[in-house]
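Below, each chain spelled out in residue letters.
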Amino acid sequence: MARRSPVKVIGSRLVQALPVILLATFMVFALLKLVPGDIAVTLAGDNATDARITEIRAIYGLDRPFLVQYGAWLGHVAQGDLSQSLLTGEKVAVSIGRAFPNTLLIVVIALVLALVTGIPMGVMAAIKPNGWVDKLISMIASLGVAVPGFWLAMILVAEFSLKLNWLPATGAKSFSASPIDAIRHALLPAIAIAAYGMAEVARQLRGALLEVLSSQYVRTLHAKGLSMSRILWQHGLKNVGVNLLTIISLLVNRMLAATVVIEAVFAIPGLGSLIVRGAIQRDFPIVQGVVFTMVVVVIAVNLITDLLCAAVDPRIEQ
Amino acid sequence: MTMTTRREAMALISGALASTTLGGSAFAQAAPKKGGTLRISAPANPSSLDPATGGAGSDHAFLFTMYDTLVEWDFETLKPKPGLAESWKFTDPNTLVLNIRAGVTFHDGTPLDAEAVKFNLDRNRGDAKSNIKADLLSVASVEVTGPQQVTLKLKTPDTALPGILSDRAGMMVSPTALKAAEGGVVTRKPVGAGAYAFVSWADGEKIVVKRNEKYWKPDRPWPDGIEFSIIPELTTGARSVTAGQNDLIYQLPPRQKAIIERASSVKVVHGPTLYVLQIFLNWAKPPFDNVKVRQALNFAIDRESFVKAALAGLAEPAYMNLPKAHWAYDAEVAKLYPYDPDKARKLLAEAGFKEGTPIEVGGYPDQDSVQRQEILIEQLRKAGMNVRFVNAPIAEASAAFFGPEKKGAGLLSAWTGRPDPSLTYSLMFTKDAYYNGGRAPVPPELEAAIKESRASEDIDVRRKAFSIVQRLVMENAFVVPLAFQFELVAMNKKVQGYRPNLLGKPKYDDVWLEG
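Protein chains in written order, with our numbering: chain Z, 141 to 458; chain X, 11 to 525.
Don't take each hint at face value.
Below, a list of computed lysine-lysine pairs in the DSS-like style, where the Cα atoms sit at most 27 Å apart [as the list claims (entries may be wrong)]:
hint: 1; chain 1: X; residue 1: Lys318; chain 2: X; residue 2: Lys364
hint: 2; chain 1: X; residue 1: Lys91; chain 2: X; residue 2: Lys474
hint: 3; chain 1: X; residue 1: Lys224; chain 2: X; residue 2: Lys91
hint: 4; chain 1: X; residue 1: Lys189; chain 2: Z; residue 2: Lys231
hint: 5; chain 1: Z; residue 1: Lys268; chain 2: Z; residue 2: Lys378
hint: 6; chain 1: X; residue 1: Lys302; chain 2: X; residue 2: Lys345
hint: 7; chain 1: X; residue 1: Lys318; chain 2: X; residue 2: Lys295
hint: 8; chain 1: X; residue 1: Lys353; chain 2: X; residue 2: Lys334
hint: 9; chain 1: X; residue 1: Lys356; chain 2: X; residue 2: Lys392
hint: 10; chain 1: X; residue 1: Lys128; chain 2: X; residue 2: Lys89
hint: 11; chain 1: X; residue 1: Lys220; chain 2: X; residue 2: Lys517
hint: 12; chain 1: X; residue 1: Lys504; chain 2: Z; residue 2: Lys313
hint: 13; chain 1: X; residue 1: Lys302; chain 2: X; residue 2: Lys416
hint: 14; chain 1: X; residue 1: Lys91; chain 2: X; residue 2: Lys334
hint: 15; chain 1: X; residue 1: Lys220; chain 2: X; residue 2: Lys504
hint: 16; chain 1: X; residue 1: Lys474; chain 2: X; residue 2: Lys461
hint: 17; chain 1: X; residue 1: Lys334; chain 2: X; residue 2: Lys474
hint: 18; chain 1: X; residue 1: Lys364; chain 2: Z; residue 2: Lys303
hint: 19; chain 1: X; residue 1: Lys224; chain 2: X; residue 2: Lys128
hint: 20; chain 1: X; residue 1: Lys364; chain 2: X; residue 2: Lys417
hint: 21; chain 1: Z; residue 1: Lys231; chain 2: X; residue 2: Lys139
hint: 22; chain 1: Z; residue 1: Lys173; chain 2: X; residue 2: Lys139
hint: 23; chain 1: Z; residue 1: Lys173; chain 2: X; residue 2: Lys461
hint: 24; chain 1: X; residue 1: Lys416; chain 2: Z; residue 2: Lys173
hint: 25; chain 1: Z; residue 1: Lys303; chain 2: X; residue 2: Lys503
hint: 26; chain 1: Z; residue 1: Lys303; chain 2: X; residue 2: Lys504
hint: 27; chain 1: X; residue 1: Lys216; chain 2: Z; residue 2: Lys231
hint: 28; chain 1: Z; residue 1: Lys231; chain 2: X; residue 2: Lys199
hint: 29; chain 1: X; residue 1: Lys474; chain 2: X; residue 2: Lys267
hint: 30; chain 1: X; residue 1: Lys220; chain 2: Z; residue 2: Lys231
hint: 31; chain 1: X; residue 1: Lys165; chain 2: X; residue 2: Lys441
hint: 32; chain 1: X; residue 1: Lys216; chain 2: Z; residue 2: Lys313
hint: 33; chain 1: X; residue 1: Lys302; chain 2: X; residue 2: Lys199
hint: 34; chain 1: X; residue 1: Lys199; chain 2: Z; residue 2: Lys313
hint: 35; chain 1: X; residue 1: Lys189; chain 2: X; residue 2: Lys128
hint: 36; chain 1: X; residue 1: Lys441; chain 2: X; residue 2: Lys474
hint: 37; chain 1: X; residue 1: Lys517; chain 2: X; residue 2: Lys504
hint: 38; chain 1: X; residue 1: Lys220; chain 2: Z; residue 2: Lys313
hint: 39; chain 1: X; residue 1: Lys295; chain 2: X; residue 2: Lys353
hint: 40; chain 1: X; residue 1: Lys224; chain 2: Z; residue 2: Lys313
The hints are simulated quantities; they were obtained by calculation from the structure and are not laboratory data.
Full structure from sequences and hints, please.
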């Protein structure tokens with residue numbers, strides 16, 4: 141069977157992505173309109189009369205039917221315009237452009253930390269299943285999954301910022317302006333969400349490796365006289381590559397979600413803080429813009445994962 | 011009245027004992043000096059930096075730095091005092107003459123003259139986008155009667171106007187900037203005549219202002235500029251001050267005091283404000299359509315205990331909508347509702363209210379609010395009232411209670427102060443006011459007394475009028491005031507000259523940085 145070219149794969153996936161984007165943004169928009177609370181009240185200010193609130197609705201087009209409002213938003217997006225905050229008038233694209241790098245840096249550092257620690261742990265646990273190393277690693281992994289990120293975050297701040305004064309307690313710095321400073325700011329939040337990632341990588345990798353190691357061809361390799369480390373690093377890891385890629389893609393998506401809470405703890409002006417502010421104030425262009433961005437990122441991550449998986453394991457295309 | 015904390019008092023005493031103490035900042039009165047950037051942790055992104063179109067009470071902390079007001083107020087009592095208007099006079103009850111200070115310019119160089127003032131006032135009371143039209147409802151016309159003089163012709167006597175002109179309505183924006191701005195709104199490019207000029211605003215992140223070198227007040231401001239970091243999570247904000255990333259944080263909840271005082275680099279100041287925690291009532295529907303049930307509610311609450319338990323003692327028990335320090339406070343009205351659960355039960359019986367009938371009251375889900383609710387539930391239970399709180403985020407709960415939905419019998423919320431007390435009363439206790447949740451009528455004598463409070467300029471006459479207003483509001487028990495929360499500000503010890511004010515919205519007029 142002939143392999144489809146990557147270009148075609150990407151093309152068809154993008155076509156499939158469209159309905160997902162539409163559905164996700166529509167649902168979030170509907171939810172925002174369904175929950176009580178009204179941005180017109182916020183816009184009208186502290187001393188507003190009912191008449192003033194009605195007037196505000198008319199000025200901002202909030203009195204139009206729900207579908208018309210969604211359609212108007214969509215129309216702007218189709219022209220590459222994420223419109224602007226109803227409250228402050230800042231372009232949503234500008235807000236996102238400023239917030240996204242902060243979130244991305246945390247996720248990237250967290251992912252690297254999770255892999256650098258999780259992979260060796262998974263491998264070590266799989267070498268001798270149910271040995272004391274495996275049990276110790278299992279315990280650490282269980283802790284990593286169970287400990288809430290925000291709690292770990294506060295402990296980290298108390299210890300490393302307030303007591304030892306090694307790392308800043310709050311805020312973010314632009315990576316392009318000063319990479320080292322930016323990483324220093326992102327390190328604690330990244331560690332806080334990496335703990336879960338490390339545990340997940342270690343556990344999944346252990347499981348996948350055990351399966352591979354118990355297969356017949358590994359027995360053959362043993363019989364051929366190959367050392368355990370060669371079997372593991374050359375044959376074992378190669379065969380769990382697809383599992384690993386899948387774990388990574390799930391982790392990226394999960395870590396993006398985790399930043400919503402972590403950014404609040406560290407006062408990091410990222411995508412998470414942005415969407416929380418938008419949702420609380422019912423500033424729907426902001427919420428819509430962030431949801432749109434997140435959906436696009438998730439779809440892109442999944443697409444890249446699929447392409448990489450296909451490259452690692454040609455059977456997937458069939 | 012600024013209260014020094016116990017820690018500071020101790021420092022003073024020890025400083026006095028050991029006269030050789032090195033550089034005890036609370037002790038040595040160093041001279042203020044210029045320079046440095048004041049870094050402030052602010053709890054909320056502003057709704058707008060245009061005073062006429064914004065809405066949130068939390069905006070003032072930014073607006074006051076960039077916009078000067080026609081009238082200012084005394085920090086301790088909120089009595090109006092000259093600002094951009096160096097003097098004012100009611101030449102007759104329907105005419106207010108404002109004399110504008112000469113030689114003041116906006117940050118863009120536009121002169122602040124009578125024309126500029128007229129432009130602003132007309133915009134504030136007439137522009138479709140203005141949120142403060144209601145503040146200036148009594149104004150019929152604004153006339154330029156001299157190069158530095160405007161005359162306001164009024165529809166009805168309104169001596170609350172000086173107070174009103176110390177708030178949003180009196181913040182002067184450069185007419186040049188307004189005319190050039192898209193949609194006539196300077197939300198993102200504010201140009202005022204305040205101590206600091208706008209530099210930048212990144213939504214939800216940072217606001218930067220720099221010293222106005224041509225500011226009219228001598229020597230002010232001391233710092234080169236202010237950087238506000240917007241940190242909605244107050245615990246995080248407080249940490250940023252202990253960690254030295256910010257110099258000052260305001261509007262801390264009382265429970266933070268003990269925590270933040272553990273940091274040796276930080277000092278804490280607090281003082282009373284007009285910010286009052288209270289239960290708004292809907293007196294258009296049962297059970298609070300019955301005055302006796304409303305009174306019972308007021309008798310059933312032990313405010314002293316509430317302040318101790320819910321607010322760490324950092325508050326003043328509230329028996330009306332003005333605290334002791336205010337010029338219009340009436341000590342007699344404050345005696346109307348001593349804690350008396352038996353009296354409450356008796357009133358409920360007289361009202362035919364069945365003990366234990368559930369009463370649904372709205373509230374907010376944050377930690378502090380829930381703690382307050384738990385204390386109130388327990389106190390009210392002792393008087394035979396079964397209150398259930400239904401919590402939702404602020405915007406949602408407020409809209410449900412004050413808006414058309416009319417959800418719940420009450421709302422545990424708060425009232426932020428207004429520079430003139432007549433606004434507080436007219437915004438809550440007149441028939442069509444938004445904060446009269448049920449839009450139910452009030453006694454005609456109350457409406458008349460509110461009007462009366464705005465008729466005279468004489469402060470003693472006004473004080474008497476407010477006594478009547480307050481007595482009528484509390485006798486009718488239209489509200490359950492609980493406590494005036496103190497302003498709690500924590501700052502690095504190098505920050506000098508900060509004073510809390512009674513309005514509870516921070517101003518940094520005399521702040522300077524040591525070292």
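Hints, one by one, checked against the model:
no., hint, in the structure
1, X/Lys318 / X/Lys364, "violated (31 Å)"
2, X/Lys91 / X/Lys474, "holds (21 Å)"
3, X/Lys224 / X/Lys91, "holds (22 Å)"
4, X/Lys189 / Z/Lys231, "holds (22 Å)"
5, Z/Lys268 / Z/Lys378, "holds (19 Å)"
6, X/Lys302 / X/Lys345, "holds (17 Å)"
7, X/Lys318 / X/Lys295, "violated (33 Å)"
8, X/Lys353 / X/Lys334, "holds (26 Å)"
9, X/Lys356 / X/Lys392, "holds (13 Å)"
10, X/Lys128 / X/Lys89, "holds (24 Å)"
11, X/Lys220 / X/Lys517, "holds (15 Å)"
12, X/Lys504 / Z/Lys313, "holds (25 Å)"
13, X/Lys302 / X/Lys416, "holds (21 Å)"
14, X/Lys91 / X/Lys334, "holds (20 Å)"
15, X/Lys220 / X/Lys504, "holds (19 Å)"
16, X/Lys474 / X/Lys461, "holds (13 Å)"
17, X/Lys334 / X/Lys474, "holds (15 Å)"
18, X/Lys364 / Z/Lys303, "violated (57 Å)"
19, X/Lys224 / X/Lys128, "holds (22 Å)"
20, X/Lys364 / X/Lys417, "holds (21 Å)"
21, Z/Lys231 / X/Lys139, "holds (19 Å)"
22, Z/Lys173 / X/Lys139, "holds (23 Å)"
23, Z/Lys173 / X/Lys461, "violated (40 Å)"
24, X/Lys416 / Z/Lys173, "holds (19 Å)"
25, Z/Lys303 / X/Lys503, "holds (19 Å)"
26, Z/Lys303 / X/Lys504, "holds (20 Å)"
27, X/Lys216 / Z/Lys231, "holds (16 Å)"
28, Z/Lys231 / X/Lys199, "holds (14 Å)"
29, X/Lys474 / X/Lys267, "violated (38 Å)"
30, X/Lys220 / Z/Lys231, "holds (24 Å)"
31, X/Lys165 / X/Lys441, "holds (20 Å)"
32, X/Lys216 / Z/Lys313, "holds (12 Å)"
33, X/Lys302 / X/Lys199, "violated (52 Å)"
34, X/Lys199 / Z/Lys313, "holds (24 Å)"
35, X/Lys189 / X/Lys128, "holds (14 Å)"
36, X/Lys441 / X/Lys474, "holds (23 Å)"
37, X/Lys517 / X/Lys504, "holds (17 Å)"
38, X/Lys220 / Z/Lys313, "holds (21 Å)"
39, X/Lys295 / X/Lys353, "holds (23 Å)"
40, X/Lys224 / Z/Lys313, "violated (33 Å)"
In summary, the numbered hints that this structure violates are 1, 7, 18, 23, 29, 33 and 40.
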